[in-house]
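K.L.:
Each chain, written out:
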Amino acid sequence: MQFNEMTIHELRRLLRAGEVSSQEVLEAVLARIDEVEGEIGAYLALCREEAFAQAQRADEMLSKGDASPLCGIPISLKDNFTTAGVRTTCASRLLENYIPPFDAAAAARLKEAGAVLVGKTNLDEFGLGSSTENSQFHCTRNPWDLSRVPGGSSGGSAAAVAAGEAVAALGTDTGGSIRQPAAFCGIVGLKPTYGLVSRYGVVAAADSLDHVGPMTRDVRDAALMLQAIAGWDPKDPTSARQDVPHYEAALTGNVKGLVVGLPRELMGDALDAEVKEAVFGAANLLESLGARVEEVSLPNVEYAMSAFYIIISAEVSSNLARFDGVRYGYRAAEAEDTVSMFIKTREALGQEAKRRILMGTYFLQAGNYDAYYLKALKVRTLIKEDFEKAFQRCHVMISPTTPTAAFSFGHKTATPISMYKSDIYTCTANLAGIPALTVPCGYTQGGLPIGLQFMGKPFEESTILRIGHAYEQHAGLPVRRPEMEVKANG
Amino acid sequence: MADWEVVVGLEIHAELLTKSKVFCGCSTEFGAAPNSQVCPVCLGLPGSLPLLNKRAVELAIKAGLALQCRINQFSMFDRKQYFYPDLTKAYQISQDGLPLCSGGYVELLVEDTVRRIGINRVHLEEEAGKSIHAGEDIMSAAYSLLDYNRAGIGLIEIVTEPDIRSPEEARLFLEKLRLLLQYTEVSDCKMEEGSLRCDANISLRPRGSSAFGVKTEIKNLNSFRAVQRALEFEVERQKALLEAGEAVLPETRHWDEAQGMTFSMRSKEEAADYRYFPDPNLYPLKVDPSWVEAVRAELPELPDARRDRFMDEYGLSLYAAEVLTSSRDLADYFEECLAEVKDPKLVSNWVMGEVQRWLKAHGLEAASSPVRPKDLAGLLGLIQQNAVSNIVAKDVLEEMFTTGKPAEVIVEEKGWKQISDDESLEAMILEVLEANPGPVADVKAGKAKAIGFLVGQVMKASKGKANPQKVNELIRQRLQV
Amino acid sequence: MTLQELKTIAATARVGLTEKEKEIFPEQISQIISHIQALDGVDTHDTAPTYYPIKQAGFLRDDEVEPSLTREQALANCPDVVDGYFRVPRIIEEE
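Chains as they are written, first to last, in our numbering: chain X, 368 to 857; chain V, 4 to 484; chain C, 29 to 123.
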């Protein structure tokens, strides 16, 4: 197997043993990028020079016996993490040439751990979308089927990891933006508890829903990545002052006695038959491993999407208002006054961003606030309470990550609501702030990956990682990598 | 003609005296080079997050306590959203629904009666940046320049109840408010640097009516005098409209200082909908009673309480007590001096008189007076010991201000010690009596007033150094009256 | 939602719309609004709103001055800089 296709923990062993250098791993990743990037389009920017310098430093650290598991590992970042001196665009024309003066906290922690930052990955503009088709620069293709989307909004990160263009990646998840593309691309994605990982330096879509998390090849890698980025950050006012456990130690393979809830409302009609079958199959496997699967109920979850949509739009309308062309980013030329400058500058936003801004502005208007925004926040309470109640009966819950496997380009762009429905199983965890993990659980007949979602109680990442890992180890899925018919590049 | 009652409410913004801004660590120092005190947070760079300054909360609590407010144990931060180039995030972090402090009052002394002006709320928010318009005014400028050093400095907004009943009362209220904020070191309240700003709402109604009339909001009030003048103008303008049977429009009006008039800016119908909502980045602010008590313990004695104590403890008149407590520095100055001299009347006369006169003439505050309270005590001690006369003492003080030397040294060097020994005085008195037979005859004839003239002559002969009481006594002895 | 309503909201949000967007947005937005009106049926009479996903105590920073950006850094991304200021076309409205 090529180095660029290995997991973090496999490479950790080889790097420590001196069987491979960080620079060699990076070379393998970059070679793969040269080979397939023209087809995939996972990246918005590559940091070759900086990456080689970091790899060299990592090799020095490794030769001194540095124990950090991420030391020397090539990782990519979604392009909504600010990176000092490196263009950060959020896939928006408004930030096309924006170079931030500071590093996002999660990026800084990865750097400290010795990780090598390969590049910045594509996304739906400002993280708004479920297919990465809303990138204003280019599309990203699903490595499993180039006619299909990689999911979104962290589609570039998911595709890069799946295609061997990075060993692991960071994504952000506001309503499923880590988990849905991870499921579509057949990798592992984790959205931690709200507050566990600092949001400092993440260009906000919706502050009360945004989360930072890892996208990796397996659950152990997710645990290693989480370890590096979790923990209190005084620069994030919503950061939790919470002890961070040793996540890898939780991966015991033992799930005996765990009660697994299967929420009946998440197994409903919208669900694709193949996906449904895969989830039931997973439930059976978990039972065979000694867990007890019980049906639970989340009665208000049917309202989650509407509540979610109102809250995210309201916050987005506020957060994207700062992109007015005054201090940084794109500014429309030849405006006579600031009002027309604002309007013309912001005309450059993409359709989805505009729709959310318009909707959010509408929901927050004096006459609508109570009926929409406040109502949504109350429904959010009901959904949180549903989870609290259900978690009195079980340790974790499982559900499909997405209603279907990856869909084709252009399939949902014309009707926004059908696109929003991609997030129906994932956005609940963002509303409730609870941790959720997606792990591959099978393939459709067409050979597309299917994701299984594990949801846990707040700050119990260890539990979902443990069960996710046990499932992964015993699922006996054929180890598959996307087989791409790659045309020779250049 | 109807008798109109004036109804005024004020909204005051005061910058907090914190070292760093309210949501980031940038310095709040005034006068730095443009855009040299900015960071990702106050520039609103993508990915930045606000970090609330604890001291800013404490100063806002202090202000609330000084204004007799209730300090709410639970308050929230909201986003006030509007587009303006000086507002870096296109929203201002403020407090809308649940402010930090609510329901207080300020007492004013208006023509010897105490007027209580209600305070609706005091809340915490952030400053915007500053725009500089190239050209005559905002409308004719081809472009504007932005400096964000001010963006993110902590502010309190104080909103009064519509309890103010005249333009003069508005000015008195502002003076009292400034006194309180300066006393408590919440804000330096420099209107010229923009650290205190005021908007005024005003309406008229027939006296006796309890319903409010239509109000206008007046902006661009750059001094307390401007507040009073603008309100006076607005009273007349509204009165003329109402008496002509026309309607007052609900609008925002701009005060033009040079022309002494207000002008319409925009009508309130098109007033912005700020689309407030709670800032998800800032958890509710919890202020438990023990924290409030700790802040209360930091409060100095407030001006009203101090004024009353000066009257009770030192037997000062209301007027003297009011003047002496009109600034914290002055009151401190008075009390420090009094601690040594122990004669409230003497000290208050000198502090309110000669000391204040000199300081005013030189544009100084009591705190920066070159003559310290101890120095003044030295001089007053000499007066008490009859070592200098009151008249000479004034010259000594002038000398003290200019040379910085202690009173005793000056008196010694200048030979200004008061002459009290009988022998020296007798000689001078004899000369004066001989030279003024007329007044001497008058005195002897029972015209007591003429003694004053003779005493004055002796004082003149002694260049003010003679002890006037002693001289008076000796003249009476000699003339046997 | 009518085109006129849409234009009013777009003006409030300072968002310029393309001709295409003016054509498709009213219909799309109406669909979204009718979809989310499902919430009307939820009884939230005794329910408090959830503003924050996880209950946490706020963190307060000590009042200490920290280094600012350099002026060069502060102005580096601005499209129009003059004498250390950010420059914008004339401002036609008051705050």
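Treat the hints as calculated values from the structure; they're not laboratory data.
Note that the Cβ used here is the ideal one computed from N, Cα and C, for glycine as well.
Be careful, since some hints might not be right.
[Stated by the list, open to error] Selected chain X positions facing chain C (Cβ under 7 Å, derived; list incomplete):
1. Pro468
2. Gly562
3. Gly598
4. Lys602
5. Pro604
6. Val693
7. Arg698
8. Asp704
9. Thr705
10. Met708
11. Ile724
12. Thr728
13. Leu741
14. Lys742
15. Thr748
K.L.:
Taking the hints in turn, state whether each one holds.
P.N.:
Cross-check of the supplied hints:
1. Pro468: Holds, about 5 Å.
2. Gly562: Interface hint status for Gly562 (chain X): holds (5 Å vs cutoff 7 Å).
3. Gly598: violated, 14 Å
4. Lys602: violated, 10 Å
5. Pro604: Interface hint status for Pro604 (chain X): holds (6 Å vs cutoff 7 Å).
6. Val693: holds, 6 Å
7. Arg698: Where the cut-off is 7 Å and the nearest Cβ of chain C is about 4 Å from Arg698 (chain X), the hint holds.
8. Asp704: Result: holds, 4 Å to nearest chain C Cβ.
9. Thr705: Thr705 (chain X) check passes; min Cβ-Cβ to chain C is 5 Å, inside 7 Å.
10. Met708: With a minimum Cβ separation of about 6 Å from chain C (threshold 7 Å), the hint on Met708 (chain X) holds.
11. Ile724: holds, 5 Å
12. Thr728: Holds, because the Cβ-Cβ distance from Thr728 (chain X) to chain C comes to roughly 4 Å (cut-off 7 Å).
13. Leu741: holds, 6 Å
14. Lys742: Holds, because the Cβ-Cβ distance from Lys742 (chain X) to chain C comes to roughly 5 Å (cut-off 7 Å).
15. Thr748: Check passed: Cβ of Thr748 (chain X) comes within 4 Å of chain C, closer than 7 Å.
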